[in-house]
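A.B. asks: Letter by letter, the chains look like this.
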Amino acid sequence: MRVLLAALAAILFLSPTLQAQPTTVQEVLQAHGDAIAKGSRKSIGPAIDAIAASGLPQAQTVLETWQAKDMWQRKSDGLFFSAKEVAKKTYRLTDFDTGQTVGEFDKGDLRQLKPNSGVRALIGVALVQFQLSDPDPARRLDALTAIQRDPEPSHLAPLRASIDGETDPAIKIRKQQLETLLTIRFDSDDASRIAAIETISKDISLDTRATLNTLLATTRKAAPGAVPETENIAAVLKPGTEQLSAGDAYTLLADNGLAPALITDGEQRNILSANISGGKVSGVPVASLNTQAARDRAYAALVAEGKAVPRPTAEDITAALANHSFYDAYFEPSKPVTDAAAKALKSVEIRVAFNQTLDLALDGISLASIFFLAAIGLAITFGVMGVINMAHGEFIMMGAYTGYVVQQFIPNYTVSILVALPLAFAVTFAAGVAMERLVIRHLYNRPLETLLATFGISIALQQIAKNIFGTQARPLTAPEWLDGAWVLNDVVSISFIRIAIFALALIFLGVFLFIMRRTRLGLETRAVTQNPRMAASMGINPDRVNMLTFGLGSGIAGIAGVAIGLFAKVTSELGSDYIVQSFMTVVVGGVGNIWGTLAGAAMIGFLQKGIEWMNPSNTLAAQTYMIIFIIIFIQFRPRGIIALKGRAAGD
Amino acid sequence: MNFLKSTLAGATMLAGLAGTAFAAEDTIKIGVLHSLSGTMAISETTLKDTMLMLIDEQNKKGGVLGKQLEAVVVDPASDWPLFAEKARELLTVEEVDVMFGCWTSVSRKSVLPVIEELNGLLFYPVQYEGEESSKNVFYTGAAPNQQAIPATDYFLEELGVEKFALLGTDYVYPRTTNNILESYLKGKGIAEEDIFVNYTPFGHSDWSKIVADVVALGADGKKVGVISTINGDANIGFYKELAAAGVSADDIPVVAFSVGEEELSGLDTTNLVGHLAAWNYFQSAESDLNEEFIAKWKAFAGEERVTNDPMEAHVIGFEMYVKALEKAGTTDVDAVREAMYGIEVPNLTGGTAVMLPNHHLAKPVLIGEIQEDGQFDIISQTEEVPGDAWTDFLPESAVLKSDWKELGCGMYNTDTKSCVQLLSNY
Amino acid sequence: MSKSLFARNPSVLIFLACLALFTLGVTALSEALGTGLISTSFVKTLGKTLCLCLIAIAMDLVWGYTGILSLGHFAFFGLGGYMIGMWLMYERTRDIIVTSMANNDIPPTPQEVTDAIGNQIFGVVGSSDFPVIWAFSHSLTLQLVLVVAVPGLLALVFGWLAFRSRVTGVYLSILTQAMTLALALFLFQNDSGLRGNNGLSGLQNLPGLDAVPQATVSLWFLWASALALGLGYLFAAWVVSGKFGSVLRGIRDDEARVRFLGYSVETYKLFIFTVTAIIAGIAGALYYPQAGIINPAEIAPIASIYLAVWVAIGGRGRLYGAVIGAAFVSLVSTWFTGGQVPSIPLGFYTIDWVDWWLVLLGLSFVLVTLFAPRGIGGLFDYWTNGRPPNRHGQDLGPGAGALQEKEADA
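Chains as they are written, first to last, in full-length UniProt numbering: chain A, 1 to 651; chain B, 1 to 426; chain C, 1 to 410.
Think of the hints as simulated: they come from the structure by calculation, not from any bench.
Hints may contain errors.
Unchecked claim - Okay, derived cross-link-like pairs now, DMTMM-like style, lysine to aspartate or glutamate, Cα gap no bigger than 25 Å in a straight line:
{"id": "1", "chain 1": "A", "residue 1": "LYS280", "chain 2": "C", "residue 2": "ASP105"}
{"id": "2", "chain 1": "B", "residue 1": "LYS222", "chain 2": "A", "residue 2": "ASP168"}
{"id": "3", "chain 1": "A", "residue 1": "LYS88", "chain 2": "B", "residue 2": "ASP194"}
{"id": "4", "chain 1": "A", "residue 1": "LYS346", "chain 2": "B", "residue 2": "GLU286"}
{"id": "5", "chain 1": "A", "residue 1": "LYS84", "chain 2": "B", "residue 2": "GLU372"}
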């Protein structure tokens, strides 16, 4: 049955009279049934064109349905329908032409057409003509996006025509922008192209640069003698310079058949090996061919016998390079246009470079605020109290898992985060107090042992987290209003979640300063840190103060955990990823001073981003070099960026 | 749920111990060499459970060659040297007949010298970088030409991508795969400056700069596509940043080779819809065999569990081994190895998998788009592609060929017509 | 100073005798030369444990005796392994290449051989050129020199920088940890030229000795490790026994006083730091051929912290304590993680040791630090004196953390 229909469809397709006037869209679809069913971008073009050009009123609906993956094929007769799921595994089919329901079918009898995103983009392009003036603004935007993704010369005219009738001011602006870009690329008049180029020379958007760069695409060519006049030359190159090494230049010649190809050592070996006879290659014994010099001699002998082509000598190569000119030529033939574009691009690129620096700075600030947030709890426990807490990272982890658990119970992300923050503080505060009471207070005079004991706690906590939550990363999802990014332009943008982390870091800085300078606890903490005995004799209970301070530092770590979990991932190793960096932040910045921690975080954040920028292909290298830099830095400023002076420095 | 899992693991461990004590002479011992603790535990424990399920099932059918199968489970704890030690223990102390195991390339390379020395047999179920064909290993996962190359072709032909960002975690699989892809893309006329390569450490979380770099690649008007060999947890940060930057799959499609159903279960996938993954198996594959397998798995391991590609590789590997045992009539390693060639078993995705003389499988390649429910919508499925041990796209490897049946060599140089070496590179 | 080293430290002789007995016993029970009661893989485990004991002695010297809590000694251990691994890999690959190229119709040029070796070794990580650091890999002698020189030099430079600027205490610990982390991250990069995350593998196969079974090779390494441990113990006992040892302990208990007494504290520290780094390098060079593979994960900061854990549990400030700690904890660890320990069913939940062992280790570590600062080695005090060393009621130093006189003697 199906074969028959396909055959029928083929006949319909081949028959010119019938194809010229399809009466139903189903006929058009059937004519291209195989291509549509196959759904490959390479072969789908004619089918989409046929539907779009059929002139039928249903064409737009069909294309839109298809694009939305809602077009299904009935297996029994190969007809295409719009389908809607009415029950599990049951679909209601609607005929495109009549708009009437055909019936409800089991999924097994149907086949869904799944256009891949390449095909969907082609459909989008075909839909442009219908959608540019569609009453629905969303569809008009779809059309503009389609043009933006795959601009075609044919889009220019309908786009221009649609601008005047546009009612939505925002869409109108976008249409005008697109129109400028299309003019630059496809307009036939050089003058209007140049005028359009000039209008965008201050625009750093990705599309502008894409348009200009496409215009300025070059190809590298070689020609005998001087540079040909006919080409639109971008640059003339000299072989043996940085832009074009002598080797590359010669390869270019050889590839274009302008010079004999180089023979590599391996090829030479193969030629020699092909000419072995009786244990010798032109009289040279094979056994002696274990040096390059001997091989060259044997090869020379082969050449003399006419059994091989000579290898180009260094002189040959130099001569060949001298006799040819090398240049980059634009694909675009019009010189005034490329000149204008190059000028515009240059001014754009200066702006882009400036904006990239800005973006890098934002990234640096963001990373710094993450480090600061991870380290601020440590700045209290280590910086103020002098207690090394290797389990600090695990407190961060506990905070993050608290956030995860809360989300399991409270499905609303906003509410759950608001609950998770204080809860994480409470959980880690309790954990910190417990640890201080049970372990750390016995070790106040033995800092190295504190380090080891807290490390023991750290491995135990990490393993317990693994036992409870598994080793797989757990999701901690940010509320919707934190999705997305603050976009200044196409170069500078930063995600809201990072801004939130930055804000959180600032808040904690404020809280820290407030507690330490303005509250009784802060005063007592400072007193106990400086001289516990004297403080005790003034009526302060050092035990209580130590406990509370340690709990505070741990609690802040818990909140940091929620924030870090939101932007990265929640795993049992979350804490250990940050612990070394956190300690470095505190040590580099200067122990005992919150501003030092801030400076340390800023330095590490910016440094890491800076190194990443210099070596974008290897992030690992950035981390390595940063640590090495810190090690060296500490050699020269052992007390950190902001060192306490005099008595406060202690030992 | 984890309590349950560990209880289960403990119970099997006990059963394993008891089994060793009371086992009669005529059982066929199957070593399971998967990490049950450490960083790889999450991925590998699933495979251990799969093996236990398969062995259990086979025993209910009456075993093989009239003998029962017995699983010997050890825990190499994600510690690479320990893999070698445990493999030696399995082969010399437990005297297993075959091993199913390993996940990372490093662990495989660590085990290789031991099994080659002691003539053991290993079924390796994970997609890997190729460039290897050991006499003692059967590779049931995908070689690069069964995953990376078809996915790249899909990018080139179906999506019209002209500029590539190859992002990977810094270890051997991404490095070699990206090397092969770079060479392949250049062969397809993609200029060197249109290929952006970046490596990040394991568990990397700060992706803003890299995502910005990828977006900026579009500045010259070419369509950009990302080929991701990012491993494990790092994917979460990457996709989160991608979503935050508002990069849709239509603008910059991402195809991942290490992201499967298991990894997606740690993510909110609403913003990832439309991004791609290439595997030889997806849970969403529509076939009766697959539905049956999923049902069995859920009954065995729990309703919320998902199935993935390496699991299918173990299923195929195990069934092939059983068939080879029946064909050879003995558990002798060399006899079984000879019997393996040409054995066919049905794929869960339809069609059949064939064991080739180069110890790789012929399997279909599937490309799926991520859906909101964390499953994949299969949008492209090829015919069976024969796995190629030595890639054709690197000059040094193009001349190499593996054929253990006819040539008796895993690294045969077709230029010089000689066997380069019988043992593998480690 | 009249009495000999052994007379002053009877424990040294006892230890050496135990070590010799142990080695003989293992040999007698091994598969290669004895009854075969101990499997080859267990011989390897024991050999590796001896190497760990050796680095624990180094750690004890630097931490237990000198008070520098270095969290970076596994970096030196790993470097030693890498240095010997380079030769092992190069030479084994060269053997294979030369054999295979002998079948070619045209004999290979030296360049072709080198290229082929490079391709074999680095093909795995997608490269084929020899990095500069492999320049000496063809020579066993030179690489053996590097086993000592590379960790030694790194320690010397790092130590000089750190001690010169008076970085002490926890700061130094964090700094050494940063050093290990930086080294591990560096080695994780493929560009480092040491095959990145894959590291060097197949190290158990000795070049040119393909015919010798692993059972024999493992025994050779066990003997070598035992010898190294014995010599290391002797050396360490000698270092800590004389006046030099007293100065070291002085530095541990009160650095400032020693400095005021006119000793060059920095030089002493630098010396002990470098020497222990060299010992660690040697231990690593013996360890990794037995393990078969070395990769950057081995030198992650956590490894060095475990080293401190072993020494602390064994009992620092006494050499046999370090050995006991390393042997005990690493063997027990293997036993627990090997899945051989029966789980404890509690009815509602089963304690599975594969999962809970680390928790137990972590907590026992806290307990040892809090309640038994002398570790397992402290038990010997009950045996030798019948009671803990006589405390004079006052600490030696001004801080409560300083050890007492008797402890310092042990």
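A.B. asks: Are the hints correct? Go through all of them and say.
C.D. replies: Tested hints:
1. A:LYS280 / C:ASP105: holds, 10 Å
2. B:LYS222 / A:ASP168: violated, 30 Å
3. A:LYS88 / B:ASP194: violated, 46 Å
4. A:LYS346 / B:GLU286: With Cα atoms ~54 Å apart, A:LYS346 and B:GLU286 exceed 25 Å; violated.
5. A:LYS84 / B:GLU372: holds, 18 Å
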